[in-house]
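If you want the building blocks of each chain, they are given just below.
Protein chains: 2
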Amino acid sequence: MKSPIIDFLKQLHHELSGLSEGEVATYIPELAKANPEWFGICVVTASGHVYEVGDTDIPFTIQSISKPFVYGLALEDNGLNDVIAKVGVEPSGDAFNSISLEPDTGRPLNPMINAGAIATAGLIQGGIASARKRRILSGFSTFAGRELSIDETVYQSESETGHRNRAIGHMLRNFDILTSDPDPTVELYFQQCSISVTCRDLGVMAATLANRGANPITGKQAVRGEYVANMLSVMSSCGMYDWAGEWIYKVGMPAKSGVAGGVIAVLPGQLGIGVFSPRLDSHGNSVRGIRVCEALSQRLDLHLFNRRGTRDGAVRLIFNGGKVSSRRVRSLEEVALLKEHGSRIVVVQLQGNLTFATTETAVHAVTEEFETLDYLVVDFGHVLSINDTAARLLFELTLSLEAEGKTVVFSHPDRVPLMGRVFRAKLGEKATDVYRTFEDNDPALEYCEDLLLVKKGFTPPVEHTFGLAEFELLDGFSKVELEIFSGSLVEMTYGKGEAIIRAGDEASELFMLSKGRVSVFVGSDASTRRRLATFSPGMIFGEMSLIDRSPRSATIEADSAVQCRILTLASFDQLGDKHPAIKIKLLENLSRGLSRKLRKANLELSVFE
Amino acid sequence: MKSPIIDFLKQLHHELSGLSEGEVATYIPELAKANPEWFGICVVTASGHVYEVGDTDIPFTIQSISKPFVYGLALEDNGLNDVIAKVGVEPSGDAFNSISLEPDTGRPLNPMINAGAIATAGLIQGGIASARKRRILSGFSTFAGRELSIDETVYQSESETGHRNRAIGHMLRNFDILTSDPDPTVELYFQQCSISVTCRDLGVMAATLANRGANPITGKQAVRGEYVANMLSVMSSCGMYDWAGEWIYKVGMPAKSGVAGGVIAVLPGQLGIGVFSPRLDSHGNSVRGIRVCEALSQRLDLHLFNRRGTRDGAVRLIFNGGKVSSRRVRSLEEVALLKEHGSRIVVVQLQGNLTFATTETAVHAVTEEFETLDYLVVDFGHVLSINDTAARLLFELTLSLEAEGKTVVFSHPDRVPLMGRVFRAKLGEKATDVYRTFEDNDPALEYCEDLLLVKKGFTPPVEHTFGLAEFELLDGFSKVELEIFSGSLVEMTYGKGEAIIRAGDEASELFMLSKGRVSVFVGSDASTRRRLATFSPGMIFGEMSLIDRSPRSATIEADSAVQCRILTLASFDQLGDKHPAIKIKLLENLSRGLSRKLRKANLELSVFE
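Going down the list, the protein sequences come from chains B and A.
Heads up: the first sequence begins at 12 in the working numbering, then just goes up one per residue.
Heads up: the second sequence begins at 12 in the working numbering, then just goes up one per residue.
In case anyone wonders, no lab produced these hints; they're calculated from the structure.
Wrong hints could be hidden among the right ones.
Put simply, identical chains are the same to the list, so a pair is met inside one copy or across any two.
[Stated by the list, open to error] Cut-off 25 Å, straight-line C-alpha distance, at most; resulting in silico cross-link-like pairs (SDA-like, lysine to any residue):
| id | residue 1 | residue 2 |
| --- | --- | --- |
| 1 | K526 | T153 |
| 2 | K334 | R610 |
| 3 | K350 | T566 |
| 4 | K261 | D88 |
| 5 | K21 | T378 |
| 6 | K334 | K350 |
| 7 | K608 | D516 |
| 8 | K490 | D588 |
| 9 | K608 | T545 |
| 10 | K13 | L410 |
| 11 | K467 | G90 |
| 12 | K437 | R426 |
| 13 | K589 | G487 |
| 14 | K441 | T372 |
| 15 | K507 | A518 |
| 16 | K507 | H393 |
| 17 | K334 | A518 |
| 18 | K13 | A442 |
| 19 | K261 | G90 |
| 20 | K231 | G90 |
| 21 | K507 | F449 |
With the rest of the complex left out, here is chain B (with noise of 0.2 Å):
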């Protein structure tokens, strides 16, 4: 099928591809052999969907686009405030091979023109030059997701024609930004500069730039997250030389662009953007480069600052325990309490990358729920990540709502082990006692659901082996009925952990608990298990089989050591000749309990639904 996002970039790539202003750079003979119709676009998401148009696969050398990243790793090397000691970030307002130093202090203004980057080369660890080279060369092809390597011919050249940056180096010594023969790390920079990339490796090393530094393809992490915004900001102010202002203002995403005619564009949590097309304009970046950023920008609405407001930010859903309740199976006197008090318990399903402003909306809407919740269900389900903020603030609510007396409880907690890692460095031993986690929602319910029940007086029966007039399925059975009906069953003991029924099992019984507790499960490993029902004493299970004689659809466990009385499908078949009136008391019973699930059932759909 053809992409629609594919045609658009086709569309765009033959409007631009007649765009022939500009000159392909000469200033070392390699350059100057690019063909000046060489166009690729490529566009990345930060979920790693590539979309590539034209001249994507050939090689050229990524020149000043290795400044961003160096600075990364230079970040991850030293810090941050050792990388701010020796190079600024504020914008110069000049040309990209202007010196601009402090006049005091010698510091490079910032690290995108060539003096800073200079001194960002010079930050890079490793001792010896070849492991600083290879730490540069390793780090770009994690970004760029393949094995990267340098173009030594252009290296050579811009070795050999590298005057004004040797000067630079020889400056920086001077100021000691650079603290060591300043030669070594000049050359690592015409290194770095060297390195050969398609248009494909831009689009995914934007990308992941756009993806909080983890390549979105590979999953590797580039570098670490906390640098990206740092990197991406001296993008944004002096990404493009003299030209930032406009270029916040018409396109409105960090970028950097190279003398060999490629551009990388970022939208942060979004996508990246690779273009190449070697025809440069007076300021050093690549014409259709510009243009293709520009109406990517517009026609793809993608400015940074064109953003509208989430209204229900992390909140995928919030329902409460008297509309949707645990698997547990429970007594008619607990489904009348859990009708009545069940909206005590509140769950609020999460979604999405929770930060602050996103979690907001779900301690608001918590907080506003406040007078009418005693439970408090937290789902992190659908999370897909969570940050030190979003955390802080769940712990926060946590302890206020402990402070008031309700009881919170987490579901998933595996989606955000952050969570764990904040309660414990908060409060160490005593974080269990606040709250506690179970593996999904239904035994989170289920836990808040006992707990409502016995606040509201609900006593559980003694244990004990419970006689056939317990069962609602006996209902309305005289003495001498339920003794002639006693006839008919089969007792039937198992051992905890046993299977009584097995999935895709023709079924031939129904199962009357006595005593113990039984659970149904579907899925058939762990990953995929899920509890269905659990029953307790008085409640039958199997019925659904022996009704519509289709095979078992679950597997049925004990909890417990479980006694059951066993009614099999002949004996079941046989009641309605000898005992016409039991049997229609039986299935009347029977269809009335499945009546009783039908509406359950029917009820949670319209929540999730």
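Put chain A on the given structure of chain B with help from the hints.
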């Protein structure tokens, strides 16, 4: 309940209230009167939640914070090109009161320096001075969500001492940037700076910018959404004067300060911040204001560029017609066909704000499923907004699917009126040939099911009055039994639209539908009314209340002229006495029907849960 967000702000307020660096502005006596200890912080989310601590109700003058807002109004009054012709967008690298005009054109470098702000004020339309003043006051009032006014004393002082700004006015007149007498415009500029606001107002105004120009509390549009990115762009590149690089690096939010001690910062799509503290640093920025922004950015992780990718974008859920079906209750033959082929119907549920990046995930998911789908339902029910790009992307996707012979259906089109406009703009009258819309998923699914069934060879039965033998309820009945049973039934007819059962009524009968169609509805009015089921001839309805003797839970209406056979509760109860074998068969068939409905409901729950 204590809000953890208020607690956090109180803590921050407490920490920073010890900070006594800086000096209150003294260039006019009114500003010098400010209590240097005043300190307020207000955070307002793009969804309109207000969090405020400290002195958030004390009035002060907005001063330079007026500049981006007047710039927005000027854009609205003149359009982008006419504004750009008079005022640039490049940072000056100079202090706020630098004149910074382009040497040849006299165009001020940007609208955040005084020269640019006066040129911008000159662009406010309205003719006479009072009308232009009203235009600004009314625009600002919509931003703040309350009637604002000018502090006349401050204005008088500003006017009396504003010689430098008057000089700038004449300089702008000299270059024809101002095209008439500059004095009224300079006065207008003094007036805009003298508008009286509170810290809370600043928070709301900032949140209005975060919400693309719509005040999140009143819902009113304060400036056309398309200009908000321009306003934020100039704040980002020039808002903090000669400090833009460091500000974006450390704080990462567009911001603006005023000499009365106010600061605003905006996180687009998420929140706005207002701070008030009169002590200023040497740049003229509020000392505590700056520190609050830094601390909020760092501790709440608000930096614009520190974003994680969202893997699932706009896709809330994808499911297929093999697991979830419409509320039309199908015959056994239809059920079997839908079970086998239903996965050819794919429902993509979208959510949130549809932009290029979020919608791309949905388009990608559909192209991935392309081979296995014949019918696509796009459900806009959870969508908050759609931009032009997203609408065009979905338009192109629809055309591509249509070209491949697939059927595309939209549900909840009322949430995305732009979709219809894009289709009509591109296709005119033919738009409705390309896609169908339905108010929700249920009729959309039914439409697709009907097409699929026909494609798979299903022939709907010829319309006729169903005989008893055709009812599944009477499966296995002999001729004699049918005749006997028929004696218990009463014939009834209903006109189209007539209510057959009303929610809340006592249940006294089971209905066998011989002819026509009926539908089950819950919800008392049009907005809450929802179809639960539609039944065709040969089916029964109303059986659940008969079984569990509970009142009717829904209303059932005749979709067409309807004929029913009715089994009353009395006949049902008596049937067992006289004809137990018939009653047993009836109950077995009833239970089978309930069992099937329960299995279907459980399957659907497993999809949505």
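### Query
Given identical chains, is K334 near R610, meaning Cα to Cα at most 25 Å, within a copy, between copies, both, or neither?
both (11 Å within a copy, 19 Å between copies)
### Intra- versus inter-copy proximity for D88 and K261 (alpha-carbon distance at most 25 Å)
Between copies only: 19 Å across, 34 Å inside.
### Query
Is the C-alpha distance from K261 to G90 at most 25 Å within one copy, between copies, in both cases, or in neither?
between (33 Å within a copy, 14 Å between copies)
### Task
Since the copies are identical, ignore which copy is meant and state whether K507 and H393 lie within 25 Å (CA to CA) inside a copy, between copies, both or neither.
Neither: 33 Å inside a copy, 45 Å across copies.
### Message
When Cα atoms must be at most 25 Å apart, do K526 and T153 count as within-copy, between-copy, both, or neither?
### Response
Close neither inside one copy (60 Å) nor across copies (68 Å); limit 25 Å.
### Query
How do K13 and L410 come out at 25 Å by Cα distance, when the copy is not named: within, between, both, or neither?
between (53 Å within a copy, 10 Å between copies)
### Task
State whether the alpha carbon distance between K334 and A518 is at most 25 Å within one copy, between copies, both, or neither.
Cα proximity of K334 and A518: across copies only (23 Å, versus 31 Å in one copy).
### Message
Within, between, both or neither: how does the pair K437, R426 come out at a Cα-Cα threshold of 25 Å?
### Response
Answer is within: at 20 Å inside a copy they meet the 25 Å cutoff, but 44 Å across does not.
### Query
From the Cα coordinates, with 25 Å as the cut-off, is the pair K608 and D516 best called within, between, both, or neither?
both (23 Å within a copy, 21 Å between copies)
### Task
First find the shortest C-alpha distance between K334 and K350 inside one copy, then the shortest across copies, and answer within, between, both or neither for a cut-off of 25 Å.
Within one copy only: 8 Å inside a chain, 29 Å across chains, cut-off 25 Å.
### Task
Check K231 against G90 for me: Cα-Cα at most 25 Å, and say if that holds within a copy, between copies, both or neither.
within (21 Å within a copy, 45 Å between copies)
### Message
With identical chains, the pair K490 and D588 could be close in the same copy or across copies; at 25 Å between alpha carbons, which is it: within, between, both, or neither?
### Response
both (20 Å within a copy, 20 Å between copies)
In this structure, the earlier hints numbered 1, 11, 14, 16 are contradicted, and the remaining ones agree with it.
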